[in-house]
Amino acid sequence: MEIRSRHHLRDDEADEVRHGIRDALGVAPSEGASIEEAEVDDGPDLYLVDGEPLVVRIDGEYFVTVQGALALEPDEALVTVDAGAVEFVTNGADVMRPGVVEADTGIRKGDLVVVVEENHGKPLAVGHALADGDGMTGDEGRVVESVYHVGDELWGFEP
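For the record, in the sequence shown the residue sitting at position 121 is 124 according to my numbering, with numbers rising by one throughout.
It is worth saying that the hints were derived from the structure and are not from the lab.
Glycine included, every Cβ here is placed at the ideal spot set by N, Cα and C.
Don't take each hint at face value.
To be verified - With beta-carbon atoms standing in for the labels, derived distance ranges:
#1 His11 <-> Lys112: 34 to 40 angstroms
#2 His10 <-> Glu64: 20 to 26 angstroms
#3 Val104 <-> Arg7: 37 to 43 angstroms
#4 Ala86 <-> Arg7: 27 to 33 angstroms
#5 Gly124 <-> Pro162: 22 to 28 angstroms
#6 Gly113 <-> Gly54: 18 to 24 angstroms
#7 Thr108 <-> Ile61: 30 to 36 angstroms
#8 Gly141 <-> His10: 43 to 49 angstroms
Sequences are here, hints too, so could you generate the full structure?
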């Protein structure tokens, strides 16, 4: 993944990114942060916050990358998995219901979510919810389709 071009967003465009992230996760890049749009080969709509790849646009919605979740520490749209699921999720596997120990009850099927591990709350992946938050625990079935995860191409991306 290489950057073809990048440009600073106008204030109103940067505010749109901040509001989109705040609406989804309850947190956002600071008002003083520089936000650039980076055009990348074969990659997502990527936004650099103070030079770091923290935000993407997925299906028209602004959301954090795994690095963005680490930096911003969201408190909404979280799916918490047990230690047994960590290895699978960090290798790009979808999240399975038996591995989920807790999920934000405000999550609706189709929402973007951040998958975190239970011991330290560290982000492991970003994905699409395949079930409502209150139905994510149980015995079988996929509940989050992984989009980005620790160790993928975006994770190691350096602008």
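Hint by hint, which ones does the structure fall short of? 4, 6, 7
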